[in-house]
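Visitor: Sequence:
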Amino acid sequence: MSNKIQTAVRLDKDLLKLLKEKAKANQRSLNNYIEWLLYEDVGKIPNDLTKAAIEEAQTGKLESVEDVDDFLAKF
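In my numbering, the protein residues as written are 1 to 75.
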């Protein structure tokens, strides 16, 4: 069973026309093109694990790697 729900949105007439043109140029349905655009924007929001890794990197808590071979040998 599909994980998708149907919903309605209101769009400016000119915007809808442009979306249809872009969808056709990309050989996509209008629905698929809009969904792809949304994933390109909203889908890039990091999850909790990624946020924690970003925080760790930004605060300098990561181990410095001088030699990749030595680092990989630890695994």
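Just so you know, the hints here were simulated from the structure itself, not pulled from any lab data.
Please read all numbers here as calculations on a predicted model, not as lab measurements.
Where hints are given, some of them may not hold.
[Unchecked claim] Listed below are the simulated DMTMM-like cross-link pairs for lysine to aspartate or glutamate, each with C-alpha atoms no more than 20 Å apart in a straight line:
id, residue 1, residue 2
1, 24, 48
2, 17, 35
3, 4, 48
4, 22, 35
5, 4, 55
6, 24, 12
7, 24, 40
8, 44, 55
9, 51, 67
10, 4, 41
11, 51, 35
12, 24, 35
13, 22, 48
14, 20, 40
15, 74, 63
16, 20, 41
17, 44, 63
18, 20, 35
19, 24, 14
20, 13, 48
21, 22, 12
22, 4, 14
23, 61, 41
Visitor: State for each hint whether it applies.
Guide: Hints, one by one, checked against the model:
| no. | hint | verdict |
| --- | --- | --- |
| 1 | 24 <-> 48 | 36 Å, violated |
| 2 | 17 <-> 35 | 16 Å, holds |
| 3 | 4 <-> 48 | 24 Å, violated |
| 4 | 22 <-> 35 | 13 Å, holds |
| 5 | 4 <-> 55 | 33 Å, violated |
| 6 | 24 <-> 12 | 18 Å, holds |
| 7 | 24 <-> 40 | 18 Å, holds |
| 8 | 44 <-> 55 | 17 Å, holds |
| 9 | 51 <-> 67 | 27 Å, violated |
| 10 | 4 <-> 41 | 18 Å, holds |
| 11 | 51 <-> 35 | 24 Å, violated |
| 12 | 24 <-> 35 | 14 Å, holds |
| 13 | 22 <-> 48 | 34 Å, violated |
| 14 | 20 <-> 40 | 18 Å, holds |
| 15 | 74 <-> 63 | 13 Å, holds |
| 16 | 20 <-> 41 | 19 Å, holds |
| 17 | 44 <-> 63 | 26 Å, violated |
| 18 | 20 <-> 35 | 13 Å, holds |
| 19 | 24 <-> 14 | 16 Å, holds |
| 20 | 13 <-> 48 | 38 Å, violated |
| 21 | 22 <-> 12 | 15 Å, holds |
| 22 | 4 <-> 14 | 27 Å, violated |
| 23 | 61 <-> 41 | 29 Å, violated |
Checked against the numbered hints above, the structure violates hints 1, 3, 5, 9, 11, 13, 17, 20, 22, 23; every other hint is satisfied.
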